[in-house]
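Enquirer: Sequence:
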Amino acid sequence: MAHKVNPISHRLGINRHHDSLWFSQFQYAQVLGQSLKLRKHMTKVMAQSALSGGRIGLIKTPSAWHAYMHVLKPSYTGPVQSSKTAKLRALSMDAFLTPQTKNRKQQNLRTALTYVLGAQSANFVTPQDVSRLIQLSLGRPKPQLNPMPTLSAAWRAAYLSPLKLTALVDKNRWSSAHHVADIIKVGLEKREAFRRLFNNVLSEAVKQKNVLGVRLMCSGRLNGAKIARVESAHVGRVPLHGFNNHIDYAHVQAYTSYGILGIKVWICYENKK
7 MAHKVNPISH
17 RLGINRHHDS
27 LWFSQFQYAQ
37 VLGQSLKLRK
47 HMTKVMAQSA
57 LSGGRIGLIK
67 TPSAWHAYMH
77 VLKPSYTGPV
87 QSSKTAKLRA
97 LSMDAFLTPQ
107 TKNRKQQNLR
117 TALTYVLGAQ
127 SANFVTPQDV
137 SRLIQLSLGR
147 PKPQLNPMPT
157 LSAAWRAAYL
167 SPLKLTALVD
177 KNRWSSAHHV
187 ADIIKVGLEK
197 REAFRRLFNN
207 VLSEAVKQKN
217 VLGVRLMCSG
227 RLNGAKIARV
237 ESAHVGRVPL
247 HGFNNHIDYA
257 HVQAYTSYGI
267 LGIKVWICYE
277 NKK
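Plus 6 on top of the position in the sequence shown (first one is 1) and you've got the numbering used here.
Since the hints were derived computationally from the structure, they do not count as laboratory data. Hints may contain errors.
Below 27 Å or equal to it, Euclidean Cα-Cα: the simulated DSSO-like pairs (lysine-lysine) are [unchecked claim]: (1) K170 / K196; (2) K43 / K170; (3) K270 / K177; (4) K270 / K10; (5) K170 / K66; (6) K170 / K46; (7) K46 / K79; (8) K46 / K278; (9) K278 / K79; (10) K79 / K170; (11) K232 / K270; (12) K278 / K196.
What you are looking at is a predicted structure, and each value in this text was computed from that prediction instead of being measured.
Please work from the sequences and hints to get the whole structure.
Expert: If you want it as structure tokens, here you go:
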């Protein structure tokens, strides 16, 4: 039965640590919701910025959240698309803002305008200052390529709690199964043949010294076929029944014009002595 479940959950506490480290006795549901929402949104931000993301570690302290993101070195990823990076700031700012938070910000803006207009009637400010304030408040935000400051500011505005982000750069794409899955995902979205992608990935896996085996699986309307099917390929050995084996697993979705394709990657690494 081990081949039907997530291999990471079977190896927690044996040769793999938990990705979330926090404890809450009285606010467990609230902290759990924040953890899931933060992890989901960070994955979206990395996808929008054309970064290949790996594991995301979250640590909750009484004073702040600490997030550690594994990203692939930019030279190994594809070019950043301008149409996606233009939406990066809006995506980062609006995701955490609840209706209550937006109403509070609008109320603060109304209060500030009321004070400014009152000061104008008392000849403390000029009409040019009022028009400048309105333009700054209603102006469109400029696109920002770096999602880190925007993400931290959005989290602070939504939950009134600081967020400290740390990016851990992986120089080798074979250090995480997520990076390999992203390679196949980008190729399928560009309408490349899945067998060619599989052969390229497996031929590269043979050259890795610390990789004992790789297993790939793709499901859906492959190459635009009318009937969905499942195709898989492997090289080396990927023993899923042995809990002492160090195995990394990732599953992503590729969005194509003929449907959504599911991608699964298993990588068996050499055990560290």
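Enquirer: Next step is simple, just say for each hint if it's right about the structure.
Expert: Cross-check of the supplied hints:
no.: 1; hint: K170 / K196; verdict: 35 Å, violated
no.: 2; hint: K43 / K170; verdict: 16 Å, holds
no.: 3; hint: K270 / K177; verdict: 22 Å, holds
no.: 4; hint: K270 / K10; verdict: 12 Å, holds
no.: 5; hint: K170 / K66; verdict: 10 Å, holds
no.: 6; hint: K170 / K46; verdict: 16 Å, holds
no.: 7; hint: K46 / K79; verdict: 21 Å, holds
no.: 8; hint: K46 / K278; verdict: 31 Å, violated
no.: 9; hint: K278 / K79; verdict: 24 Å, holds
no.: 10; hint: K79 / K170; verdict: 21 Å, holds
no.: 11; hint: K232 / K270; verdict: 21 Å, holds
no.: 12; hint: K278 / K196; verdict: 37 Å, violated
Of the hints listed earlier, those the structure fails to meet are numbers 1, 8 and 12, in rising order.
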